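Protein sequences appear in the order of chains U and S.
Heads up, the first sequence is in my numbering, so the first residue is 2 and it goes up one at a time.
Heads up, the second sequence is in my numbering, so the first residue is 2 and it goes up one at a time.
Worth flagging that the hints you see were computed from the coordinates, not collected in a lab.
The model shown is predicted, which means the values in this text are computed figures rather than measured ones.
From the three backbone atoms N, C-alpha and C, an ideal C-beta is built for every residue, glycine too.
Take these hints with a grain of salt, some might be off.
[What the hints assert, rightly or not] Which residues of chain U face chain S? A few of them, derived with a C-beta cut under 10 Å, are: (1) Tyr38; (2) Leu116; (3) Val119; (4) Thr173; (5) Gly176; (6) Trp181; (7) Thr184; (8) Arg187; (9) Gly193; (10) Ile194; (11) Val196; (12) Asn210; (13) Arg211.
[What the hints assert, rightly or not] Derived lysine-lysine pairs resembling DSS-like cross-links, with alpha carbons at most 30 Å apart: (14) U/Lys34 to S/Lys171; (15) S/Lys34 to U/Lys171; (16) U/Lys154 to S/Lys217; (17) U/Lys29 to S/Lys171; (18) S/Lys217 to U/Lys12; (19) S/Lys29 to U/Lys178; (20) U/Lys171 to S/Lys217; (21) S/Lys217 to U/Lys149; (22) U/Lys171 to S/Lys32; (23) S/Lys217 to U/Lys178; (24) U/Lys217 to S/Lys12; (25) S/Lys217 to U/Lys57; (26) U/Lys171 to S/Lys29; (27) S/Lys171 to U/Lys217; (28) S/Lys178 to U/Lys29; (29) S/Lys149 to U/Lys217; (30) U/Lys217 to S/Lys178; (31) S/Lys154 to U/Lys217.
The lines below spell out each chain.
Number of protein chains: 2
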Amino acid sequence: MAERMHKNMDKIPEPTLRRLPWYLSSAKLMKEKGETYVSSTQISRQINIDASQIAKDLSYVNISGRTRVGYEIDRLVDVLEDFLGFTNMHRAYLFGVGSLGGALLRDSGLAHFGLEIVGAFDINPRLVGTAINGIPIYHTDDFERHIKTDGVKIGVLTVPINIAQEITDKMTEGGIKAVWNFTPFRIRVSEGIVVQNTSLYAHLAVMFNRLNELVKK
Amino acid sequence: MAERMHKNMDKIPEPTLRRLPWYLSSAKLMKEKGETYVSSTQISRQINIDASQIAKDLSYVNISGRTRVGYEIDRLVDVLEDFLGFTNMHRAYLFGVGSLGGALLRDSGLAHFGLEIVGAFDINPRLVGTAINGIPIYHTDDFERHIKTDGVKIGVLTVPINIAQEITDKMTEGGIKAVWNFTPFRIRVSEGIVVQNTSLYAHLAVMFNRLNELVKK
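With the sequences and hints as input, model every part of the structure.
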């Protein structure tokens with residue numbers, strides 16, 4: 002336990018991890034334009050983040066820049082893609098083939114960022130046994146059986162809020178180690194389970210509220 | 002300008018706005034279970050957030066709880082849904098009908114949270130003139146013409162990164178006031194334009210990295 006806590010302190014901070022994809026996009030754009038080197042100042046100008054912050058964030062990945070020249074773009078793109086895990090395919094299950102779940106199954110773009118959904122679970126008899134975008138939909142009761150052979154570690158959660166916690170518990174008891182939560186419910190997990198919340202609804206709420214503020218002015 | 006800055010300071014903080022949908026989900030669940038009152042302590046237990054934080058966050062919305070009893074659930078749900086803007090329909094355009102853009106057009110669940118996508122824009126001749134889920138796809142060149150009659154204020158950005166900035170500029174010049182950015186590119190906008198970034202890829206990066214940390218242990 003002490004071991005774990007010590008290691009956690011060394012790991013890359015989440016805000017840094019969240020910014021790295023911006024630098025990757027920026028570097029890819031520069032590469033497209035035919036550049037061979039890029040400095041943190043150039044990235045800074047393009048995406049409006051402090052250059053010292055960029056240099057500090059990039060110090061976590063295995064690349065070093067040259068004074069006045071910057072980072073070699075090809076290497077920066079490769080190192081970042083690798084570091085962010087976009088070059089390895091990570092297999093995942095999706096739970097809840099409703100409107101959003103179905104949409105995510107159809108979004109093959111996720112594969113370009115290392116996520117391959119290999120199976121989906123639902124209890125709707127009209128869905129079970131069918132497939133979306135080539136991804137088979139199984140009955141939720143068969144999850145334990147499938148995960149034993151598939152060894153999947155990531156679960157995408159797109160169920161209704163009233164079963165969000167129950168399905169999360171089922172997932173993690175079955176061996177899922179990371180839950181990508183798209184529901185507006187705040188799920189509880191035991192220590193050591195990774196959770197990422199992508200609340201589309203929270204983003205909408207912020208947008209609507211800020212728009213209202215504008216109108217009031 | 003001073004006026005605007007003064008007003009901004011009074012507005013509800015973004016972290017609070019992002020937490021409110023959790024309380025709404027929690028209250029809805031309690032309501033389903035037949036409860037009529039809910040206290041911040043009960044919500045706290047359900048979603049693992051400090052009760053004093055919950056009470057403070059709820060002080061921004063027009064509802065007051067009673068000592069020992071808490072908030073009336075029906076009213077809490079109504080007030081939160083209204084405050085978050087989920088009860089009014091907000092019309093939006095979507096830009097870039099690729100894999101993710103197409104998926105979002107098919108996700109009719111967004112309408113339950115107040116977002117109605119009324120039109121999409123792309124330059125792909127195979128898409129222009131067709132519709133997805135009843136939503137017409139127009140040529141990007143026709144955006145200025147459409148927005149003049151539609152008066153849409155929200156734009157959903159799902160274009161490739163190499164045109165993310167260009168399309169953002171086009172949107173805001175045409176009258177879009179809020180950009181929901183799903184691209185991994187960090188867009189720049191002028192003051193007064195609302196931006197919400199939903200970076201699925203950043204969430205994936207965090208998840209992959211944390212999973213790797215687990216494996217290393």
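Tell me the hint numbers this structure goes against, listed in increasing order.
1, 3, 4 and 5
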